[in-house]
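Each protein sequence line maps, in turn, to chains A, B and C. Residue numbers for the first sequence, in the working numbering: 339 to 542. Residue numbers for the second sequence, in the working numbering: 210 to 503. Residue numbers for the third sequence, in the working numbering: 28 to 311.
I should point out that these hints are in silico values taken from the structure, not numbers from a laboratory. If a hint is listed, it holds; no wrong ones were tucked in.
Which residues of chain B face chain C? A few of them, derived with a C-beta cut under 8 Å, are:
#1 Ile216
#2 Ser219
#3 Leu220
#4 Leu223
#5 Arg224
#6 Arg228
#7 Val229
#8 Ser230
#9 Leu231
#10 Ile234
#11 Arg235
#12 Asp236
#13 Asn237
#14 Gly332
Derived CB-CB ranges, DEER-like:
#15 Pro414/B <-> Ala304/C: 29 to 37 Å
#16 Phe73/C <-> Phe477/A: 37 to 45 Å
#17 Asp486/B <-> Ala304/C: 28 to 36 Å
#18 Pro449/A <-> His294/B: 41 to 49 Å
#19 Ala304/C <-> Cys258/B: 34 to 42 Å
#20 Lys79/C <-> Glu518/A: 13 to 21 Å
#21 Thr408/A <-> Gly141/C: 57 to 65 Å
#22 Leu91/C <-> Leu503/A: 56 to 64 Å
#23 Lys507/A <-> Glu303/C: 36 to 44 Å
#24 Phe337/B <-> Glu138/C: 38 to 46 Å
#25 Phe392/B <-> Leu188/C: 28 to 36 Å
Owing to the predicted nature of the structure, the values given are computational and were not obtained by experimental measurement. By construction, the Cβ of each residue, glycine as well, lies at the ideal position given by its N, Cα and C atoms.
Okay, here's what each chain looks like letter by letter:
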Amino acid sequence: MSAGVRHNVSFETNNIVLIALVAIRSIRYSKWRRCCVHGARLRGFLLEKINFLTSQYSSFAKSPFVDKITEQYNYEITKNPTEWKFVERLMPFKTIPQVVPKESYPSGWIPPKEEARKLPYFIPRTKNYAIPIYLQLSFKGNRKITQLKKIEGDIWLMNDDIKHLLKTKHKRYVETRVHEVARFIEIKGDYVNDMKEWAFSKGF
Amino acid sequence: MGSRQVIEKSLTLLRSLPRVSLNNIRDNPGSKRTQKRGRAQHGGDKHGCGNKGSGQRQNFMRIGYETGTNPFYLRVPQEHYYKGHHYRRQYPPLSLRILQEMIDTDRVDVTAPIDIASIVKTGLYNFFPDQKHFGINLTDEGADTFEAKINIEVQWASELVIAAIEKKGGVISTAYYDPHSLFLLKNPKIFFESGQAIPRRMIPPQDAIEYYTSAENRGYLADPDQISQARIKLAQKYGYQLPIIENDSDYNILSERKDPRQIFYGLEPGWVINLKDECILKPKDEELLRFYSL
Amino acid sequence: MVTLLINAIKRLQVSTLLPIRTYVSVNPQSIPLDNSLVVTKKEWKFPPAYTKPREVWIENLDTLEEKKLGLFELHPSVYATTPRIDIIHRNVVWQRKYRWVSWAHTKTRAEVRGGGKKPWPQKGLGRARHGSIRSPLFRGGGVAHGPRSGKTHFFMLPFHLRIQGLTSTLSTKLAQDDLHIVKDLELPSDEPDFLLDLIESRNWGPSVLIVDDSDLAPRNITAAADAIAHVNIMPVYGLNVYSMLKHDTLILTLSAAAKIEERILQHLHSITTDKEASFKLNQV
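So that you can see chain A by itself, here it is in the shape it has in the complex (with noise of 0.2 Å):
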């Protein structure tokens, strides 16, 4: 009945089920409530049968729990360090690896410079050690929004600094949103190449 398992089940007992199975079907349900007494305790007995043979063992609720185990194998216990280490490289890592410094970075990743400490402003790195300078785009791609996050230090300098940077660079008066709570500014138009530059010239 079920396809792929195999059940200790006489070829007798089958042919009962499936008979029982078309007899309960065909009896209509108005008739089926008269006899429900004698009905019920035929059900419970071919109930039990049936689902015998049609339980999920796929199914979380319905599979049974392990026991006797009737298999026993040998086996041996060992504890060998050099075996273990493989076992340790393939576990997570618990927090991300700090990067030791190189001479060079063939990716292109330019690392953070202690000096940018001392500028009245600030912007740390994300956890994966990327600048957060993101390009919002919406409306289909028309409106593009530049985000610098994490921004820590006097804000509004920065503000300040970044208006009349932009200004210089593409003679054109440049709009900006400084939010001081949530701390980040957004300014209006794909800038994230220019504001990258400026944030690695400073030293984030």
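Mind docking chains B and C on chain A? Use the hints.
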């Protein structure tokens, strides 16, 4: 530094305000919209169901039915350009640029062979074996600026990528992992905690055997002699001096390979890893050893 | 000219004085004269990048009058972040709702007793057509879209919002002088009056939440706090936004403050993809 510092400003502000308590906090204005019940002229009356017909009587016609005209889905013939595309194996890409960034920021240990488990461990790459993802496809973005000497094992790599890695004295191989093995590699911790024995890796299906037995693709089932020849050929094609790995100080790391039936480096099939007591249970029974034999 | 002047003033960082609430108890007798202060200089695993760490007094619970036993440094990412009141609110709402089961229940037209028979024929009477006297249109009929018993409101607030809720609340408590670090929880007696007098003399709020690193607290403080409803002791793993806001003052032991800082910093600097994924029950 005074109140110009943005964090100090907000914290100093709090000092002159009443104690923040359960009765004086609220969400940002505009963050919650109250549900408007459908009553009266707008939203009410027929509640968007129109007049009479199957729509108002909630007895809709089947999807695609166009009230008798030849419907779109019958009118337009099928074009089987992508038939069965959802059955094909997929290899989510990882560029050489991102790989170099992982190496630069010390997320990936270059002093050990790199496989899919170490790349997923970085947190910067993810794949979903239940969505027919069969591993890493190393792409050639960043091949020009790739500078690391590594022993890497991926599931799909193009010729340019193989050349970029071998040019720097590294070793690349392509290996097949069946979906069960991929689940294990994606999250080894959960697998070890389940207390099951490490299974054997399955051999590739028929349509993948050709890829993984060819030396051009550096397949793990290919003849090592043919691979050496292919390395020389590729160096000549792309015009670089092929570094001699045998003379390299990192020869041990670069030559380390997994057995075709092995899933994890250094751990054999049949072993049960006990993370709590930091020990490994190895089978001694002949039946088990025969079953798990590599 | 005017803009130049304004910019110059900005760079001078002249701050406008805000009315600052000062009820910090700086009792000269409490600071020991013999330079026996324990100034704990920490070796940070994740050193503060720009914002300065906070320094707090280490106080005692032995005597009624406070003695300052030393200075302790607190990491700014945990104890001096911008207080996000909206995130604190969302945390409180989450804590209230996720366990709540609504037991309100109404009967539908199928469950209301009766109403199986068509009350009167379809046509001929001049009355409206009806199929059952228990339809929602009828007085005494079932409710159409009413509450159904055992409705759960479980949801998980995103992981980073829960962490931010904790850091915002801790920062708020420290900023509003409601956070005190205490060396240990050793009281001289188990009288609840002593604890009440201590709270009164130190100007701590009537309700006090004491957080320690371990599950077991010393006998005296346990007995005293047991008798007082608004003074509660909690282990570090029970720290939550609702309890911190419910109690006026938050007392942390040295080890508890360090543990909280270490755990939150670890979460802030680890790969949290698994924790940010939508909550799923782990089934075998």
